[in-house]
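**Student:** Residue-level listing of the chains:
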Amino acid sequence: MDISLQQVEYRYQIGTPFERLAITEVSIDIPSGTYLAIIGHTGSGKSTILQHLNALLKPTKGKVVIGNREITSGEKQKNLKEIRQKVGIVFQFPEHQLFEETVEKDICFGPMNFGVSETEARARARKAIKQVGLSEEILAKSPFDLSGGQMRRVAIAGVLAMEPDVIVLDEPTAGLDPRGRKEIMEMFYKLHKERNLSTVLVTHSMEDASLYADEIVIMHKGEVYKRGEPREIFQSPEGLLELGLDVPEVVRFQHKLEGTFNTKLDKTCITLEELTEAVSGLLRRGELV
Amino acid sequence: MMDKMIIGRYIPSNSVLHSMDPRSKLILIFLFVCIVFLANNAITYGVLVIYTLLMISLSKVPAKYLIGGLKPVIWLVLFTLFLHIFLTKEGTLLFEYGWIKIYEEGLRQGVFISLRFFLLILMTSLLTLTTTPIEITDGLETLLNPLKKFKFPVHELALMMSISLRFIPTLMQETEKIMKAQTARGVDFTSGPLKDRVKSIVPLLIPLFISSFKRAEELAIAMEARGYRGGEGRTKYRQLKWGMMDSGMLVFLGVVTIILTLLRT
Amino acid sequence: MQKALVNISKISFKYDGQESYALKDVSLQIFEGEWLAIVGHNGSGKSTLAKILNGLQFPESGTIDICGMDLSEETVWDIRKSIGMVFQNPDNQFVGTTVKDDVAFGLENNGVQRDDMVERVESSLRKVKMEPFLDQEPHHLSGGQKQRVAIAGVIALRPEIIVLDEATSMLDPRGREEVLETIRELKNDHSMTVISITHDLEEAAKADRIIVMNKGELYREGSPEEIFQMDEELIQLGLDVPFPIKISKALKDKGIPISKHYLTEEELVTQLWISHSSK
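Taken in sequence, the protein lines are chains V, E and H. By full-length UniProt numbering, the letter at position 218 of the first sequence is numbered 218, and the numbering carries on one by one without gaps. By full-length UniProt numbering, the letter at position 165 of the second sequence is numbered 165, and the numbering carries on one by one without gaps. By full-length UniProt numbering, the letter at position 175 of the third sequence is numbered 175, and the numbering carries on one by one without gaps.
What the hints contain is simulated information worked out from the structure, not anything from laboratory work. Bear in mind the structure is a predicted one, so any value in this text is a computation, not a measurement. Mixed in with the good hints there might be a few duds.
[Said to hold, decoys possible] Here are the simulated lysine-lysine pairs, DSS-like style, with alpha carbons at most 25 Å apart:
| no. | chain 1 | residue 1 | chain 2 | residue 2 |
| --- | --- | --- | --- | --- |
| 1 | V | Lys81 | E | Lys180 |
| 2 | H | Lys249 | V | Lys264 |
| 3 | E | Lys236 | H | Lys252 |
| 4 | V | Lys86 | E | Lys177 |
| 5 | V | Lys267 | H | Lys127 |
| 6 | V | Lys267 | H | Lys249 |
| 7 | E | Lys195 | V | Lys76 |
| 8 | V | Lys86 | E | Lys236 |
| 9 | V | Lys182 | H | Lys14 |
| 10 | E | Lys195 | V | Lys63 |
| 11 | V | Lys58 | E | Lys177 |
| 12 | E | Lys214 | H | Lys252 |
| 13 | V | Lys256 | H | Lys246 |
| 14 | E | Lys214 | V | Lys221 |
| 15 | H | Lys254 | V | Lys256 |
My request is simple: use the sequences and hints to build the entire structure.
**Tutor:** So, in C-alpha cells, the structure goes:
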C-alpha cells in the first residue's frame with residue numbers, strides 16, 4: 001500500500017492562543033515496499049508526521065493519501081479503523097500500552113479490534129511471538145512479570161499480529177542496551193526484506209537510518225530539509241553538522257580523514273567494511289596531492 | 001486538552017490581588033462567604049456588588065475569563081431563580097397569566113439568591129485566577145499549621161497536593177499518548193455505542209494506573225535519595241510574605257462587614 | 001595512590017523472591033576525583049550497585065565504607081548527603097512544581113537555612129547552565145534540561161560523589177550531549193567524583209576507569225583502553241565497542257600498521273596521517 005503526504009501542514013490547537021505550527025509544506029511519498037527513515041531533532045516535526053500516517057491527526061492543510069483513502073482537513077472521516085489496521089504504529093516505549101492479563105490476550109487485542117476471530121488471533125499471536133524472538137511459553141504469562149526488553153517485544157508482537165501492510169516505528173530501540181537494540185533493528189529489517197513490508201522508521205540514530213533505510217528524510221524545524229538515498233544524504237555531511245545533527249560514525253570518520261589527508265575517497269561509505277576497504281586502498285596507493 | 005480546563009486556571013499578572021499573600025486571600029474568601037449571608041436588602045446587596053466589582057478591578061483579570069467562569073453554573077442559577085419566582089407566594093401579586101402567578105417577594109428572593117450565587121462564584125474564581133495552585137497549597141499549609149498539635153498531617157497533605165499539581169500535566173500527556181497507541185490498535189474512543197465506549201476505557205486506564213504506580217515508586221526512591229524523611233527538621237524554600245496590603249484588605253473587609261450589619265434589616 | 005572515597009568489600013545482594021543473586025561478592029574502590037563508568041547489559045547488576053551505594057538497598061553480606069562512614073541504617077542519611085544520585089527517568093525524579101523548587105527540595109530536607117538555600121539554588125543552577133529557567137515548570141522542559149535540573153539538585157547539597165544511574169538512556173542525542181558536557185565540567189572545574197552507570201560505550205569511553213559487570217559479578221576493571229581491548233568479548237556480554245576501536249581493529253586486520261586501539265577518531269586519523277606521510 002502506498003502512502004503519500006502532499007503539501008501537508010499541521011497546527012496544534014488551531015484557533016486558540018496556544019496555536020503552534022508543527023509541520024509545513026511536507027511532501028513525502030512512501031511507495032509500497034519502501035524502508036524510509038525520518039530523522040530530525042526533538043521538535044522537528046517527526047512525530048507529527050508519524051501520526052498522519054494512520055490518520056491519528058488530520059492535516060490542517062494539504063492532504064494525506066493512504067492506499068485508496070484521502071485524508072484532508074475539511075471533511076469528517078468515517079471508518080478510520082480500516083486505515084489503522086493497514087498501518088501499524090509501534091510507538092516509543094510501546095510497553096506502556098500493555099494492559100491484558102496475559103501476553104496472549106494482549107497480542108490478540110489489536111487483531112480482534114479489527115474483527116479477526118479469536119482462533120485466528122491466537123494463531124497470529126503464536127506466530128508474532130516467534131517473530132519477535134520470544135518463546136511460546138511466554139504467551140501464558142502476565143506481561144507485567146516480564147523484563148523491560150521482553151515487554152518491548154510483546155508490545156511489538158501486538159502490532160505485528162494486526163498484519164499491517166505498513167509498519168511505522170517510533171524510536172523502537174529507545175532505552176535498550178546495545179544487544180537488544182541490534183536484535184530489534186535486525187528483526188524489523190528481516191521482516192521488511194522477507195515480506196516486502198513497507199517500513200517507516202522515525203529515529204535519532206543516523207547509524208540505523210544509514211544501515212537499514214532505502215531512503216532518508218531529514219526534518220528540520222517542521223520542514224523537509226533533505227531527502228534521498230543514504231549515500232546522497234551523507235555525500236556532503238557539512239550541512240547536517242551545521243544543523244547540529246549527527247552523521248553516522250562511518251561518514252564522520254571519512255569526513256575527518258578526508259579533511260586531514262586533503263583528498264576525497266572514491267565514494268561515500270556507509271558500512272564499516274566499505275570504509276576500511278577505501279581507507280586501506282588510499283593508504284596503499286599513497287597517491288596524495 | 002489543557003486549554004479546556006477551568007479549575008485552577010491562573011492568569012499571570014502583577015495586579016494588587018496577584019501580589020497578595022495567599023493566606024490573606026484565603027481568609028478573605030472565607031470571611032466573604034460568611035458575610036454574603038448578612039445581606040438581606042437592596043442596599044446591602046449593593047454594597048456586596050460594589051465590593052466584588054472593586055476586587056475584580058484590582059485583579060486586572062479580563063472580564064471574559066470571569067464570564068467564562070460563570071457559564072457552567074448559569075443553569076443552576078436560573079433554576080433557583082425560577083423556583084423562587086414561581087413557588088413563593090408572599091407580598092403583592094405583580095403578574096398573573098393563567099396559573100402563573102408572580103409575587104413581589106418571590107421575585108425579590110429569586111434575584112437576591114441568584115446574585116448571591118454569582119458573587120460567591122466570582123470571588124472564588126478571583127482567588128484561583130490570581131493565585132497559583134502551589135501558592136494556595138502553601139497558604140493552606142501555613143493556615144492549617146496549628147492543627148499539627150492534634151496530629152493532623154498538615155505537611156503530608158500539602159506535599160501530596162503539590163506533587164499532584166506537579167504531575168497533572170505529565171499525566172495528561174501520558175493519557176494522550178496511551179490513547180493514541182490504543183487508537184492505533186483499533187480502539188475507538190470517540191464514537192460507537194456507549195457500551196463499547198465504556199469498555200474502551202479499560203485499555204486506557206490500566207496502563208495509566210500501572211505507569212502512575214511506577215512513577216510513584218520511582219519518585220519515592222528519588223525523594224528518599226535526596227534526603228526526604230518527613231516534615232520534621234525541614235526548612236522551607238517557598239516563603240509567604242504578609243504585607244501592608246494584606247492587613248489593609250482585611251481591615252477593609254471588616255469595615256464592609258460593619259456597614260453590612262448596620263444596613264441590614 | 002589517590003584517596004579511596006568508597007570501599008566496597010565483598011558485597012552480595014538478592015531481591016526478595018528471586019533465586020539468583022543480583023550482586024555476587026563484589027569488591028571495588030572508588031577514588032577521589034575520578035570518573036568511573038560501570039557498564040553492563042540490562043540486568044547485569046549495575047543499577048543494584050548504584051542503589052546500594054546510596055543506601056536504598058542494603059547488601060546481604062559484605063561492607064561498604066563511604067567517605068569514612070560505614071554504611072548502615074544509622075549513617076545512611078549522612079551518607080546520602082555526600083553521595084548524590086541522578087536517576088534514569090527525568091520525569092519521575094522532579095519533585096518541585098518549578099525548577100527552583102525542585103533544586104531546593106534536597107536542601108529543605110536537610111534543614112538548610114533559607115538565605116543559604118537561595119544562594120545555593122542559584123549557584124547550582126548556574127553550574128548546570130539552567131539559571132534562565134528558574135521559574136519554569138517541568139512539563140515545559142526537555143529531557144536533557146530536566147536531567148540538568150536533577151544534577152543541580154544533587155550538587156546543591158555539595159556531595160563528594162555524584163552517581164548517574166543510566167541518567168542519559170532516555171534522552172535524545174542532544175540531551176545526552178548536554179548532560180555529559182555538564183558532568184565533564186563538574187568534574188574538571190569542581191573536581192567532583194563521578195560514577196556513571198551506563199550501557200552507552202561512547203559515554204564510558206570518556207571515563208577515567210571502567211568496571212564491567214556481568215550477571216551480578218565484577219567481570220573486568222581497567223582503563224578505557226584496557227577494557228576496549230576486550231573487543232568481541234564485550235559484544236558477547238551484550239555491550240558494544242566504540243567506533244574508533246572498531247575501525248582501528250578493522251584497519252589492522254587489513255594489514256594497516258596501527259600500534260594501538262585509539263579511543264578517539266581524531267587520534268586515529270592523526271596517527272594514520274603521520275605514519276602515512278613519513279613513508
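**Student:** Taking the earlier hints as the rules, which of them does this structure contradict?
**Tutor:** Hints 3, 5, 8, 9, 10, 12, 14 contradicted; others consistent.
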